[in-house]
Structure formats: structure tokens, C-alpha cells
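*Asks:* Below are the chains, spelled out letter by letter.
2 protein chains.
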Amino acid sequence: MAKYKSDQRDILFNLLDVLNVTQYEQYGMDESSIKEIVTEYDKFVENEIFPTREPSDVEGVRLEADGVKVPESLKKVNKGFYEMGWYALGQPEKWGGAPCPEALSSLCLSLSTAANTAWSMYPGLSKGAMNVIRMVGNDWAKNTFIPPMIDGRWGGTMNLTEAGAGSDVGALKTTATPVEGKEGVYKIKGSKIFISSGDSDLYENIVHLVLARTPGAPEGTKGLSLFITPKFKVAEDGSVGESNDVFCSKVEHKMGIHGSATCVLNYGDNNNCEGHLIGKEGEGIQNMFIMMNEARLDCGIQGEAQANLAYMMTEQFVKERVQFKTEIINHPDVRRMMLKMRAMSRGMRALTLYTSDLFDKAKTDKKYESYIGLLTPICKSFCSEKGFEVAVEAVQCHGGYGYCHEYGVEQFVRDTKIATLYEGTNGIQALDFVMRKILKDGGKALRSISEDIFKTSNSLDDDFTFERGVFTRVLGHAQDAMGYIGKKAKKNEMNHVLQNCKDFLDMASHIVVAWRLMESAMIARDKLESAPSESEKAFLQTKIDDFKIYCAHFLPQASAHARTITGFEDDILTYQV
Amino acid sequence: MAKYKSDQRDILFNLLDVLNVTQYEQYGMDESSIKEIVTEYDKFVENEIFPTREPSDVEGVRLEADGVKVPESLKKVNKGFYEMGWYALGQPEKWGGAPCPEALSSLCLSLSTAANTAWSMYPGLSKGAMNVIRMVGNDWAKNTFIPPMIDGRWGGTMNLTEAGAGSDVGALKTTATPVEGKEGVYKIKGSKIFISSGDSDLYENIVHLVLARTPGAPEGTKGLSLFITPKFKVAEDGSVGESNDVFCSKVEHKMGIHGSATCVLNYGDNNNCEGHLIGKEGEGIQNMFIMMNEARLDCGIQGEAQANLAYMMTEQFVKERVQFKTEIINHPDVRRMMLKMRAMSRGMRALTLYTSDLFDKAKTDKKYESYIGLLTPICKSFCSEKGFEVAVEAVQCHGGYGYCHEYGVEQFVRDTKIATLYEGTNGIQALDFVMRKILKDGGKALRSISEDIFKTSNSLDDDFTFERGVFTRVLGHAQDAMGYIGKKAKKNEMNHVLQNCKDFLDMASHIVVAWRLMESAMIARDKLESAPSESEKAFLQTKIDDFKIYCAHFLPQASAHARTITGFEDDILTYQV
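In order, the protein sequence lines correspond to chains A and B.
According to the working numbering, the first sequence is numbered sequentially starting from 1.
According to the working numbering, the second sequence is numbered sequentially starting from 1.
One or more hints might be untrue.
[Stated by the list, open to error] In silico DSSO-like links for lysine-lysine, alpha-carbon gap of 27 Å or less:
no.: 1; chain 1: A; residue 1: K490; chain 2: A; residue 2: K527
no.: 2; chain 1: A; residue 1: K222; chain 2: A; residue 2: K189
no.: 3; chain 1: A; residue 1: K440; chain 2: B; residue 2: K173
no.: 4; chain 1: A; residue 1: K325; chain 2: B; residue 2: K173
no.: 5; chain 1: B; residue 1: K490; chain 2: A; residue 2: K325
no.: 6; chain 1: B; residue 1: K325; chain 2: A; residue 2: K490
no.: 7; chain 1: B; residue 1: K325; chain 2: A; residue 2: K325
no.: 8; chain 1: A; residue 1: K325; chain 2: B; residue 2: K189
no.: 9; chain 1: B; residue 1: K488; chain 2: A; residue 2: K340
Note that these hints are calculated values from the structure, not bench results.
Here chain A stands alone, though its shape is the one from the complex:
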């Protein structure tokens, strides 16, 4: 099996040369401190996390009488992760964290996710739940739950889905009934499914954030409230008591992420489950969305991360494997596959880091909040899908070896697929993108980001004549597609809008990724002449190549999506299945 390897040069190029994350003075980080964190984190990933990837896939989780057991190898790495302070990276100092630029935080998440996606979900979900408590919890909740969560004694989860309520969260039936005489405490009763990290022996206690319906609450998502519902009861004084009547009744047998426990959780079967309201009654969905939006970006990172590691591992293979008397990387068809994989993987990295960086930018310019809104469904949907496709191509480059466990690439295919499904399927992302982030917004954010894109593309000079042509043509097709959808929306022919959301999202995603690669290419080109070494020159050239490959090999697909949108005049529901 190929060794773990990360593309550190490209990572630093993104953080320093493109995003210039040292600009955020509040973090007090210069280039060398950024480099040091990346290097140290990467060492931990290589030496501690990656070695658990294959064994935890083979062993998987198992449900025993007293709960879920995770593969043994994960306990050590989980412990080390907290002890080394990596979990606290990016968290506020107030809570014992070490603040850092948002893009650096995402980069670190990407490295560890790549190395073992299944494991990464335990601290990942925990962090999401903790952030909700930090942002909307009252003082008691914050002081009681955050300290044990940040030091890794307690974990956390998010609980939305039920058997009859997947995409349609508002249909959920779990109830929360106020307990008389206990302010803010409710009896929770119901069954949740697909709860990632729902149970495990990694933590002493697990803090479930549960969406439930209070008595008399309106139908749909408006009637939902959010409850902190720990696995073991937590008293006013923070002391941990008896079981809170939350039990895992099943773990799913899945295509991948075998080391991650996907649980059916039964709340209140013995009428003894208590939840603590967090935020106000009826504001559950908004508060859950604090966690959900973060999780959606993380899904994109799951795809991006695995694609980049799959690429790095495949690069080693194709440079070693000899067929027809030469390493197979010297065969044009294999070179084509590798270059496409690299352009796509690095393009996704450029996009997810750019989007993460917007959280820092948005602290001083609110405009960027709308960019985050617009780019989140793109990151989630496109990176999960293309991350999967890159993993599939990695298998293809390995030939028959790729299909065998021991080469480690087929696991990427199985592990990435989930990212297209959870946290809102990619179809739901497409609806969110078109209906909420564009139409409901009156196209404001889209116009603003489009101006940024035009500004970059207008500065493409004669080194990029072909690319300028392709990019301009695609932008034209995209405007046609947007015009078509806008017209249909105006006429209230909503099926015509809804049937095109996914193609529109895919089209827009290609353009945004190409834009990020374009900016990288221009920066690289400008640095090429004064590059301090041959190897640096070679690296910079690959950044130019990535953009060129993307324009020639991916952008025509964006035009194809546009053509599908503008060409198909029928209401798809008139076609019978």
C-alpha cells in the first residue's frame, strides 16, 4: 500500500500566497507559525491517524449489550488528538482553545479527515454540538458542557432524522414535554435514526442535541425545539448521574465509514429521558442549522480531503508500476487521468479553503456572509460528488489492484459516498442553492460574487488565451441558464425551476472551482520568473497546468449542464415512471 503523503507545498500556497491568512492580526500568526502548525498537525495525521484507517475499516463498530464498541485503534488516536490540543485548535481562548485562521482550521480538519474519515466524525460531531452550545446555550449549559467536551471526556452529536423524516425534517415526531417544577427541562420521547457517533466507548458521556416537538407546537420545522440530551443525566451542579434513558438499539451496516457508529437511538422508552431546552422553543431548526451549516462545509471537506489523499497515493503507484516497459504515468491516458484528478482535487481544496477563509473576512465585511451562504451548498454537493469521482478514478488508475482492499484506494470510494447523502442530500443542496441562496435573495449574492469572478477573468492575459475563450463562453452559457431559470420562476412555473436545480448547481460549481484555480494560476505565473529553485518553479508550473487542464477537461461539462437546462422545455413531471 502506498504511504500517507500530503501536498504540503500546495496547502501552504493556498494559505499563504492565495489567502494570505497572516493578515488577520487577531491570531498573531506569521508564516512560520502557520507552517509549523501544518507540519506538526500533518505529522500527527501521518503517524497516529492514518495507521488506523484500514484496521478500523476492517474491524468496524459493534453493538454490545452495554452499548457501541469502536475499533480499539481509535481509542488511542482519539485520546492523543485531544491531549495534543488539536481538538481545541480554532476554539476561543475563553474555553481553553487556541484561536487560528478559519482556513487553517479547515485545512487541519481536511488532513485528518483524509487519513480516517470514520474516526474524524467523532470529534467532528462533538465540535459541532459544542459550537451550538457555545453560541446559543445559557451560562449553565456553557459552563457545564463545554469544558468536558473540549478536553475530550464528553462527545456530542446532532439528532434530526427519524424513519419518516429525512429530507423532510419538519415531519419528525419525537416529543418534548415540560417537566413541572424544572425550568427548561423536558421529557424526551422518540426514536432517531442515522445518528453518527450516536454511541461509542470513546467518551464518558455523550451530549446529544435533539430536535423535538413541544406540546401544541405548529406543524413542520417551525414547531421544533432543540434539547441538550446527554447519555448520562447531568445535574444542576454539573455532576453526572444515572443513565438518561437513551439507548442505541441498532448500528447500521454500511458501504463504508465502518469505524463510525451510525446509530438508531431510542429516547425515553422508559419515560425517564430528560432534555434541556437550548435557545427558545420553536427556534430549534435555526439553532440546529448553526451545526448543520458547519457540517455541510465539513461534508465538502470530506470529499476534497479524500480526493487529495487518493491522488497522492495514486501518484506513488503510477510512478512505480511498470507496464509496456515504462512507468504507467508515462502513458498519455494515465497522465490525463492523473492531471484531471489533480486539477479537480486541488480545485476543491482551493474552494473549501477560500470558503473557510470567508468566515474570517465576514468578521469585518458582512457581504461575505452571503458568499458563505452561496458557497456552502456548492462545497457540500460538488466536493462530495467530485471527491467520490476522484476516488473512483484513483481505483481506475490502479487497475485490478484498485479493487482490492490492500491498496487502500477502494476504501476512499466507499468512505466518500456518504458525504453526498447526509447533512441534506445533494438534491436538497441544489434546492437550497437555487431557491434560497439565489431566488429568495433576489440574486444579490450571486451578482456580487459574479463580479469578483469577472474581475479575475478579465485580468487573464495572453498566457491564457485559450482559457479565456473557454471561460468566457461558459460564463455566457451560465447566464443563459440563469436567465431561463429566472424566467420560469417569474412565471411561477416552479417544476421547471426545481427540475433544473441540480444541473444549475453543478454548472455553477465548475465555474467557481475554475475561478479559484484561475486565481492560483495567475499568482503562480507571476512568481514563476523569480522562483528560488527548480523544484519551486516546477510546483508553480503545476498550478498553471491545473487551471489549463480544468478549462479543457471540465469546463465543457459546465456548458453541457447549461444546455440541458435551456434545451429541455418540458415539465419533467409530465413524464411518467
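Please build the complex by placing chain B on the supplied structure of chain A, with the hints as guidance.
*Replies:* Showing chain B alone in chain A's frame:
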């Protein structure tokens, strides 16, 4: 889990209305006998094969001291398959077979492959090996090996790959040394990898067809000869003796097809392995290609078959699953996914059955042999790849449930992937398509089939105005792409040709599939008015819809491939990885 269901109406439409397989008088089959075979075969598939699919995936094969053990459930189905006479379907009467139209034979293979791909490979490989013996074996070989193979006592395999010889078969190192005093008998020595059905407890003996190099033979594929090398020695009189020194030293742990034994086979570790030359020395690769070409078409059928069953199972799910107060099939985005899946799955069925039917046509018109040559890499590559993509989309339509074993669709994703890899990776298919089937042929077969395509598309009338436009535009782009490749080949800029083979194959595949759907749509349209029932009318309408959906949602991608070919002027090997 959804039930097994096949699309019998569409199957019969292909066999009877499109291909008119009753025209081949030698088989003496009328419509009712065709229908009876399809119905009976399908019952066997539903009741005997499909129930083994999930258990054999979970159990998998295991290597014990005395060889490979297959899941228990496969033994019964394998026995029944031979006993019911299904294995002999399509085989010559002389050998106890029941001849039938080639398309019907492929259709049956498709049904059983869909229901359990892993199991289907045991009789599948056996049949391939048997056909080689039937076609190029001497009388002794035919009389000795065919009878026990046709009645299911013996199995068969193909042995090409070695650790250093995958795509580059000519690099293989297994040796065959003549045994003095035994005419046609050679000592075989070497190690083969990735041998499907390489060992099992399904058969009393296994007939391995082994490619090996004789002393002093030239380098490369020209120096290879083919040897019948049974697991247990077979004497002149056909009696079975001791072990032939062939041992399975490892079974691969794979992404899917867990019930199929993928073996490392060691030949002659104790210098006691004997093979019988089949055909002439030095003609091994041609003779193996009898089996290989069949296997390539079968790979296409693996993709097509699983796509069609995945679609049928998903159809049940989306018509039952309610979200937002309606079955999810009523959401435009889900309808879009389903219609695309159906158009692609049925399009692949139309293509593979058409290609199979050419074997009958070629018996009276040699021209069709070149069609088979041209369409085989298309079937293999495109159907394996798109079959995988349809399986992925089936998972997507299931949401989170799709990722769980128990719904049965993620298994399609894992099981189909192998078809893009074995029997020549899809990259190798693309080279075969462009280099051998088009350029080496001087474009003769391509021109001939293109004329057939033009003839069909020219008869598209005003019911298909939009489709005529799309199709004509795509044909124009395809001609540009062909012109570009032809020009580069003429100038001997071969990297430019090689780097574009895969895009060219994909582009051509879309056109060919659209052509087959077009023909179906026109036949359906002509029958629509006089349809005997509402349900028949509804079915015929779906055939028209499939073509329309394909034109709007897939053909633009063909244009994108063409644009990639004509737009990228650089030699891809000048880009460094």
C-alpha cells in the same frame, strides 16, 4: 429491501419489436417460445438466484487448507442452473445444448448477472473456456472437456494476468516446457493473479486456460501459447487423476463480488503441473481472445444488468417513500434522476442486445463482424462505467438508506466497479477502439455504422424536432473530433491521439446509445395509436420519453467530450505530475 423485478415488457420489446429475433429460422422460435424462455428464466432468477445475492456478499469466499470454499447458498443455485438446462442454452445441439438467438442468450445472461454478479461469474468463465475448447481444441480436447463442462461437473477459467503483466499481457513470465514423449503436453510453471473462479468447491475439476511462454518463443504477445491446465490431471482416456500441482495461494479481499473467488494460482511449484497445448504454439493470444472478446461483452452486460435491476428496485422505493407529504417520485429532482437512470439503463440494454444480435446477423453478412469489433469496446467500457454511475444514482435516490447494506443498492456500486477494470481496463478499451477498430481499419467500419446512424436520424420527423436538432449538432461535433484525431494520426503525433481515446470512446458511446433509443422511440411512436391497451400505450410512451430524456440530459455531454478533444492543443506528456 425492494423485491427482485425485471422489466419484461422492455425486454420483449427489444427482442421482438426492435431486433425481431424470430427471423433466424435455424432456431425455429416464434414469439411465444421466446416469451416462454424469458418468463421461465426470469422465474429461476427471481426465486433461486436473487435470494443468494445478499448472503453471498456478506459471507464471501474463504481460502482453506484444501482450497477455496464458496458461500453455501451458491452451491444449490449453481447445481440448479445446470440441471434446469440454463447453462446449455445457446450452446450447439451437438454438445447437448439448446441453440437460441444470440440476443436471447445475452438477455438471459443479463438477468442472472443482475441478480448475483459474483455467482454468475462461475458458469460465465466456464462457458468462455468451453467455447475456446469447442472452437480451437482438437477432438480429444473437445470430447474430453466439453461434456463434463456442459453438465456442470467441471468449471473453467481464463489465466492471463501476472503481477508484472496486467494490461501488458506480453510481459508474462509463466513458462511451458514440452514434456518429452508426450505429444502436446507441457510442464507449466508460474504464478497467475486475479484469476476469477480460480478455485472453488462448486466443481469436481476446473479447466484452466493458461497463457504461457514456450522455450525460445519471441518476446511479447507473439511468444504466447495457450494451455488447457486442469486442476486435477486428466488422462488420455478422460479419467481424472491426481492433483495437477495447481494451487490457490491467496484470495483477494475486494470491494465487491465477495462471492466470486479472485485467486492467485501457483502452477508447478512442485514441477508437476501439466498443460495441454490448445491451438498452435504462438497463437495463444488470438485463441485467448475468443474468450476475451466474449468476456468484454459480458462486462458490458454486467454494467447494463446491474443498472437495470438497480433502477427497478429504486423505482419501488421512490414510489413508496413519502417525504413532504408525497411519494418522492413526485419531486421533480427525483423524477429527473429516475428518468435519467431509466433512459441510460434501457439504452445500455438496447445496445448490448443489438450487439449480441449482430452475431446472428454476421452469419450471413460479414460486414457485421466489423460492427461487433467496433461495438465491443463501447459495450465493455461505456456500460461498465455508466452501469456503475446508475448504481451510484440508485443509492442517491435512496438517501441515507442507500448507504446501508440492507437496502441492497450499495452492493450494486461495489459489485459493478470491477467491470471497468478487468478484461482490459476501460483505458485499454479506448485504445482498442481508436487505434485498432478505427485507425487500423481505415475508418471503414466506423463509416459503415455511421451511415446506418444517419439513416435512422434522417427519418426523425416533426415529433422529434428538438431531438433532431440536438442529435445533428452532436454528430457535427463528433465529426470535428474524428477529424482532429485523424489529422493527428496522419502527422504521427501519436500522444495527441492516445490522450484523446477515452473521450472519443465516451463521445461515440453516447451517440450509439442515443441511436438505439432513437430506433426504439420511432418503433414505439408508430405503434402508439393502435396500442391494444392503456398500459401498453403507457409503456410505448416511456420508450419515446427515454429517447427525449437521453437527448436533453446526456447528449450535451457527448459534445463536451468532443470539445475537450478539439480544444486541448497540448501534448499531455509535456504536463508534469
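*Asks:* All the hints need checking, so say for each whether the structure fits it.
*Replies:* Evaluated hints:
1. In summary, the hint linking K490 of chain A to K527 of chain A is not supported, as the alpha carbons are separated by about 47 Å, beyond the 27 Å threshold.
2. Restraint check: the Cα-Cα separation between K222 of chain A and K189 of chain A comes to about 19 Å, which is no more than 27 Å; the hinted pair holds.
3. Distance hint between K440 of chain A and K173 of chain B is unfulfilled; the C-alpha atoms sit about 66 Å from each other, more than 27 Å.
4. At most 27 Å may separate the alpha-carbon atoms for a hinted pair to count; K325 of chain A and K173 of chain B meet this at roughly 14 Å.
5. Pair hint K490 of chain B plus K325 of chain A holds up; C-alpha atoms about 25 Å apart against a cutoff of 27 Å.
6. Distance restraint check for K325 of chain B and K490 of chain A: the Cα-Cα separation of roughly 25 Å lies within the 27 Å cut-off, and the hinted pair is therefore satisfied.
7. Simply put, K325 of chain B and K325 of chain A have alpha-carbon atoms about 61 Å apart, too far for the 27 Å limit, and the pair is violated.
8. For the hint pairing K325 of chain A with K189 of chain B, the CA-to-CA distance comes to about 23 Å; that is within 27 Å, so the pair holds.
9. Between the alpha carbons of K488 of chain B and K340 of chain A the distance comes to roughly 22 Å, so the proposed pair stays at or under 27 Å and holds.
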